[in-house]
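2 protein chains.
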Amino acid sequence: MTQTAAIIGGGVIGGGWAARFLLNGWDVRVFDPDPQAERKIGEVLDNARRALPGLSDMPLPAEGRLSFHADLTQAVATADWIQESVPEQLDLKQKVYRSLQQVCEPGAIIGSSTSGFKPGELQQDALRPEQIVVTHPFNPVYLLPLIELVPTDANPPETVARAKQILTSLGFFPLHVRKEIDAHIADRFLEAVWREALWLVKDGVATTSEIDEAIRMGFGIRWAQMGLFETYRIAGGEAGMRHFMAQFGPCLKWPWTRLMDVPAFTDELVDLIADQSDAQSGAYSIRELEQIRDNNLVGMMRALKAQDWGAGAVLNAQDRRIKADVLPDLIAAQPDQPLLTLSRAVPLDWTDYNGHMTESRYLEAFANATDRFMEVIGCDSDYIAGGGSYFTAETHIRHLDEAHAGARIRIDTQMLLGQGKKLHLFHRMYEGDRLLATGEHFLLHVSLETRKPSAPSETIEAAMARLTRLQASMPWPDGAGASIRKPA
Amino acid sequence: MTQTAAIIGGGVIGGGWAARFLLNGWDVRVFDPDPQAERKIGEVLDNARRALPGLSDMPLPAEGRLSFHADLTQAVATADWIQESVPEQLDLKQKVYRSLQQVCEPGAIIGSSTSGFKPGELQQDALRPEQIVVTHPFNPVYLLPLIELVPTDANPPETVARAKQILTSLGFFPLHVRKEIDAHIADRFLEAVWREALWLVKDGVATTSEIDEAIRMGFGIRWAQMGLFETYRIAGGEAGMRHFMAQFGPCLKWPWTRLMDVPAFTDELVDLIADQSDAQSGAYSIRELEQIRDNNLVGMMRALKAQDWGAGAVLNAQDRRIKADVLPDLIAAQPDQPLLTLSRAVPLDWTDYNGHMTESRYLEAFANATDRFMEVIGCDSDYIAGGGSYFTAETHIRHLDEAHAGARIRIDTQMLLGQGKKLHLFHRMYEGDRLLATGEHFLLHVSLETRKPSAPSETIEAAMARLTRLQASMPWPDGAGASIRKPA
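Just so you know, the sequences run in chain order A and B.
Counting from 1, position 110 in the first sequence corresponds to residue 110 in my numbering; the numbering is continuous, with no gaps.
Counting from 1, position 15 in the second sequence corresponds to residue 15 in my numbering; the numbering is continuous, with no gaps.
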């Protein structure tokens, strides 16, 4: 049966909750007196529809129904979950609960998106304190997994368990905060950094931009995959967490932050933390954690590289410098040879459960070689920005041998046909002398406006004619023009 | 001409510097009295060789030469860059500089990896203060881009410029810290979070594991791509940074952290930050920033998914739940139809510069469909763990139409041959009724031990036989067995 969520208070946070529920098949009923609420939630939903579904590799449920209600009763009466995201004022939140508890199901869960209030404060003067918990999300709510779930002793364990189960079914990671405290857990860290950052800006030590670079180019990427303690466990090296704490313990008394009210650095505290760290990460050796960390970092940095952003933009800038140095005129370099169109190491994130480079990455490497070939004949990024490009129509790959992460591979490329809108390429991929694969590709020059085949520029025609002459004497490659045989 | 770096003090940090220099073609000379230094640096180098080269899409220089020296003079005499990473004791560091400045080139740059000391402190009593700067890296040094470059007025601008140029050539992102301060910039934030975290553990609010989840499942992923201020600019929504500050300004006085010595929240401070934020991010609208952020998050979360770690492990768990719900016995569901082997939305990170799903992702989708087909016939993860699997030997793809991010695509699969070690599949990819592509694949069952073809299990043989009977009446697919035509 379709479940129903009531969203009390739209905006960026309420809209994010609405999107999570809708895209997971729940019906969503919104109550927000803001006349702009429908537009605002619609914009968040547009973003969510663009980003969230593709995170899953599975078929997704049909979207639920979205409705807007001017009347609170209509919004909450049939709801299984009620999410409150009204402004951060305690008396306002308490008033909202008193109103909606008059009309909602006693079995519904009421979650509050509050950043800072403790659930005990929210439950004060409520009709049924036992159905109110803190469920604190992080923006963008439709993508980030974390929900801080903070109950009190007034909430029965079954309610907490059901809240966890529902949040998990929405793709969230509910973190059960066992002891209520101002700003829960994560926002205390955010606020600590914010307060320290305000001092740095105020004192002219750093600008907002410099502070952001200091975060995202270094520890920010680390924290995307391991938190503070697991990262420091690795930093302690073979000697682990106790060594790290012994090394950096004394700094606690140094003016490394404006926060100088520090805990006493006792043996008891060191033991407490080292024991918890063992429980958390002890299943892995330091060497294993290092490799897991590096796999994660390489995957994420290459993802940012594809977006040309942050650490990924740094990698691209480095590649451009290398390219300018080492790849001048490819055709002039080896006029009577297939062109060297790719030379690289196999990245850590190109391997699969069989322990070798996975099949789609062979095509990625061949596609990169095709891109390089296109550049050589004049179809570079400027040309593409001008509205012309090549689309691959057909591909034939023969996998002849395996390659592993770190292997130095290269691809050379023979042009079998380059005439008018047609381009027929044959790539050979090697590691050393070992032929790993061949990739045969038929491409068509297209207009990016009409998405239809079109004639290339005269420059490209001339470059193809020159290559045709240069490569005329090369033999027809073994395996070109072949097909997968029909079984007898 | 090959350049030379001297590494003073090995360990995890010195080893990371050694790896950066070596893998970028520099010769590296190590001085470290620790008898374990060679082993420790070797281990860091192994990690670096595994992870760093694949970050680049370009050919890499040949590795430089690595040597270890018991004599300081031998290590530093010819060095262009000297990196000091000895323990965090000011008098020790000063003593090291006095020794090495006796024998090094006056034009060499001496960088210190110090986490906390100010360059002015390091330069005290030095023979040539002008050649000493702080170059503070982040672990793993061979992967993370950030270097905090902190000079003083004693360093000539040419030295600072040369240090930046060299660090950039090594793939680093040098952040010029303009005003020296204890712990520079990034470590002040790390220390603020560390201090706050120690309180939470000590007071029993959270364990190390809960704290790490609070970081990596939420703001940690955000900070991997945008820092504190750019993230909050987006949170302010259409109204931007001033709105965000007005909203959360009052919290500065609340006990949201143990740091209660906060800056006065004046109009002047708000203007300072809002103006800097405009200068930093004003080139993008909030909507554009949201989409950039979401592209980055989706790419990184999918990278973590491939590693089954952190936020990626949450996504996989969600997929497994959906799979259990919606994909029971595929064969029984549609006995006389090609099997539905994939149904999903096209992720944001599957598109390319032509604005559509890029060619290698077609093969990735087909490969996922093949994986699903393998599961159906009994070649699942348990079977693969037992040492048998299928390797693709040959692939033929026809690209018939375009698909865009967010499109709901599906693949159905016809088995053309399944007999002994041979498996011949034909996939069709659709968006709605539109045929986007076909993928024809010839696979061989292999032993993962010998990496050679081998017979599959009897269960797989039986499943293939059953499918052969069920699919016997299906027509030979249009396009199967075809090849790219040889030009006339």
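Any given hint might turn out to be false.
Put simply, identical chains are the same to the list, so a pair is met inside one copy or across any two.
The calculated EDC-like cross-link candidates involving lysine to aspartate or glutamate, where the alpha carbons are at most 16 Å apart (straight line), are [as the list claims (entries may be wrong)]:
no.	residue 1	residue 2
1	Lys164	Asp80
2	Lys253	Glu105
3	Lys164	Asp34
4	Lys40	Asp319
5	Lys253	Asp182
6	Lys421	Asp91
7	Lys202	Asp261
8	Lys422	Glu458
9	Lys422	Glu268
10	Lys95	Asp125
11	Lys179	Glu431
12	Lys323	Asp371
13	Lys118	Asp91
14	Lys202	Asp275
15	Lys202	Glu268
16	Lys452	Asp275
17	Lys422	Asp433
18	Lys422	Glu63
19	Lys202	Glu375
20	Lys422	Glu461
21	Lys253	Glu88
22	Lys452	Asp401
23	Lys40	Glu238
24	Lys253	Glu461
25	Lys164	Asp71
26	Lys202	Glu180
These are calculated hints, taken from the structure and not from any lab test.
Taking the hints in turn, this is what the structure says about them:
Taking the shortest Cα distances, Lys164 and Asp80 sit within 16 Å of each other inside one copy (14 Å), while across copies they are farther apart (58 Å). In this assembly of identical chains, Lys253 and Glu105 lie within 16 Å of each other by CA distance neither inside one copy nor across copies; the values are 53 Å within and 37 Å between. In this assembly of identical chains, the alpha carbons of Lys164 and Asp34 never lie at most 16 Å apart, being 30 Å within a copy and 51 Å across copies at closest. Taking identical chains as interchangeable, the C-alpha atoms of Lys40 and Asp319 are never at most 16 Å apart, the minima being 40 Å within one chain and 30 Å between chains.
Only between protomers do Lys253 and Asp182 lie at most 16 Å apart by alpha-carbon distance; the minimum there is 12 Å, versus 25 Å within a single protomer. Taking identical chains as interchangeable, the C-alpha atoms of Lys421 and Asp91 are never at most 16 Å apart, the minima being 69 Å within one chain and 71 Å between chains. In the homo-oligomer, the alpha carbons of Lys202 and Asp261 lie at most 16 Å apart only across protomers (14 Å), although the nearest pairing inside one protomer, at 21 Å, exceeds that limit. In this homomeric assembly, Lys422 and Glu458 come within 16 Å of each other (Cα to Cα) only inside a single copy, at 14 Å, whereas the closest approach across copies is 47 Å.
Within a single copy, Lys422 and Glu268 get their C-alpha atoms no closer than 74 Å, and across copies no closer than 63 Å, so neither meets the 16 Å cut-off. In this assembly of identical chains, the alpha carbons of Lys95 and Asp125 lie at most 16 Å apart only when taken from the same copy (9 Å versus 66 Å across copies). Taking the closest pair of Cα atoms, Lys179 and Glu431 never come within 16 Å of each other, the shortest separation being 57 Å inside a single copy and 49 Å across copies. In this assembly of identical chains, Lys323 and Asp371 lie within 16 Å of each other by CA distance solely inside one copy; the values are 14 Å within and 37 Å between copies.
For the homomeric pair Lys118 and Asp91, the shortest alpha-carbon distance inside one copy (13 Å) is at most 16 Å, but the shortest distance between copies (48 Å) is not. Only between protomers do Lys202 and Asp275 lie at most 16 Å apart by alpha-carbon distance; the minimum there is 13 Å, versus 40 Å within a single protomer. When the C-alpha separation of Lys202 and Glu268 is checked against a cutoff of 16 Å, the pair qualifies only between copies, where the shortest distance is 9 Å, while the shortest distance within a copy is 38 Å. For the identical chains of this complex, Lys452 and Asp275 are neighbours neither inside a copy (64 Å) nor across copies (47 Å), given an alpha-carbon limit of 16 Å.
When the C-alpha separation of Lys422 and Asp433 is checked against a cutoff of 16 Å, the pair qualifies neither within a copy, at 31 Å, nor between copies, at 28 Å. With identical chains, the CA atoms of Lys422 and Glu63 are never at most 16 Å apart, being 43 Å at best within one copy and 41 Å at best between copies. When the C-alpha separation of Lys202 and Glu375 is checked against a cutoff of 16 Å, the pair qualifies neither within a copy, at 48 Å, nor between copies, at 59 Å. For the identical chains of this complex, Lys422 and Glu461 are intra-copy neighbours only, at 10 Å inside a copy versus 43 Å across copies, given an alpha-carbon limit of 16 Å.
Taking identical chains as interchangeable, the C-alpha atoms of Lys253 and Glu88 lie at most 16 Å apart only when they sit on different chains, with a minimum of 14 Å there against 35 Å within one chain. Only between protomers do Lys452 and Asp401 lie at most 16 Å apart by alpha-carbon distance; the minimum there is 11 Å, versus 37 Å within a single protomer. In this homomeric assembly, Lys40 and Glu238 come within 16 Å of each other (Cα to Cα) only across copies, at 10 Å, whereas the closest approach inside a single copy is 52 Å. For the homomeric pair Lys253 and Glu461, neither the shortest alpha-carbon distance inside one copy (70 Å) nor that between copies (69 Å) is at most 16 Å.
In the homo-oligomer, the alpha carbons of Lys164 and Asp71 never lie at most 16 Å apart, since the shortest distance is 29 Å inside one protomer and 61 Å across protomers. For the homomeric pair Lys202 and Glu180, the shortest alpha-carbon distance between copies (15 Å) is at most 16 Å, but the shortest distance inside one copy (32 Å) is not.
When each numbered hint is compared with the structure, violations occur for hints 2, 3, 4, 6, 9, 11, 16, 17, 18, 19, 24, 25.
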